[in-house]
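Q: Once you have looked at the hints, place chain E on chain F.
Chains F and E, in that order, are what the protein sequence lines are. For the first sequence, counting from 1, position 46 maps to 46 in this note's numbering; every step adds exactly one. For the second sequence, counting from 1, position 83 maps to 83 in this note's numbering; every step adds exactly one.
Honestly, the hints are just simulated from the structure, not real lab data. Any given hint might turn out to be false.
As the list claims (entries may be wrong) - Facing chain E, from chain F, some residues (calculated, C-beta under 7 Å):
(1) L41
(2) L45
(3) P61
(4) Y64
(5) V88
(6) F90
(7) G98
(8) T101
(9) G107
Where a beta carbon is used, it is the ideal one built from N, C-alpha and C, also for glycine.
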Amino acid sequence: IAGITQAPTSQILAAGRRMTLRCTQDMRHNAMYWYRQDLGLGLRLIHYSNTAGTTGKGEVPDGYSVSRANTDDFPLTLASAVPSQTSVYFCASSENGGVDTQYFGPGTRLTVL
Amino acid sequence: AQSVTQLDSQVPVFEEAPVELRCNYSSSVSVYLFWYVQYPNQGLQLLLKYLSGSTLVKGINGFEAEFNKSQTSFHLRKPSVHISDTAEYFCAVSNTGGFKTIFGAGTRLFVKA
Numbered sequence: 001i002a003g004i005t006q007a008p009t010s011q012i013l014a015a016g017r018r019m020t021l022r023c024t025q026d027m028r029h030n031a032m033y034w035y036r037q038d039l040g041l042g043l044r045l046i047h048y049s050n051t052a053g054t055t056g057k058g059e060v061p062d063g064y065s066v067s068r069a070n071t072d073d074f075p076l077t078l079a080s081a082v083p084s085q086t087s088v089y090f091c092a093s094s095e096n097g098g099v100d101t102q103y104f105g106p107g108t109r110l111t112v113l
Numbered sequence: 001a002q003s004v005t006q007l008d009s010q011v012p013v014f015e016e017a018p019v020e021l022r023c024n025y026s027s028s029v030s031v032y033l034f035w036y037v038q039y040p041n042q043g044l045q046l047l048l049k050y051l052s053g054s055t056l057v058k059g060i061n062g063f064e065a066e067f068n069k070s071q072t073s074f075h076l077r078k079p080s081v082h083i084s085d086t087a088e089y090f091c092a093v094s095n096t097g098g099f100k101t102i103f104g105a106g107t108r109l110f111v112k113a
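Next comes chain E alone, as it looks inside the complex:
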């Protein structure tokens, strides 16, 4: 069975500071990893995904994530955040041919001026 753990439920950070949102997963098979963002009162939208190849994945809005197989992690990073990055971020895992994507509980990023 697959599972996803987001290690921080809330992350407050000042504008223009760097941020890292942590995600660990468990799976007995090869996985695909995703980060989605949810802005207030909206549905989720994809930030980035890891399928194969380079372990450093770049996404939209300046975010990037690194797949670390040995540590079973897929942490999301941004070198300098903006007020507009305030949102909830979800890490998710899926597998080849499957339809059951497992989402983490979410991390609420709050960017302060």
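Okay, chain F solo, but in the shape it has when bound:
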């Protein structure tokens, strides 16, 4: 069982470019999440989806968009990248929300120059 896969593993991107980070899970979980991890700040929620077709904003949604066309995939798009979006991005999923354990992918390290 792969769990959660993320692609790419790392990416260097010029400011102003569009970028989509991919996330796929094979656990048939209803809920999926995108976090960014920055030194000294821990993980901050960008967007989440409680079920296919439904998304919601987290703590730091500005500059990011998501879609949830099906259960397995939850891509994160940066429409016009800025240097402050340099971070490590983690995708996670859980069976539902609240009490359920979140399972994390290996992360994508993004550098915006």
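A: Frame of chain F, contents of chain E only:
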């Protein structure tokens, strides 16, 4: 609004010594509490969680945590650490039916030989 404070950013400790990683939270509603561990260059994985019932929660790898409602704390403890416990530890809080888990900034545990 919920928040999580991890009181120590780094904790150095010698192998086989006991360790306590401190976590305080604030919330106006009933909460669920989690500890996750992140090994170098990996995603997070669940150590343990408190949902209800006994305030002492046992997790994987010999870790345990105690929920103290009056002190709004959820400190993580291990009686004897190993080199392999070197990692970053995150305390997190969620609430019933919610999808917004709030993570603390993390505590880096460094176990020395």
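Q: Tell me the hint numbers this structure goes against, listed in increasing order.
A: 3, 4, 5
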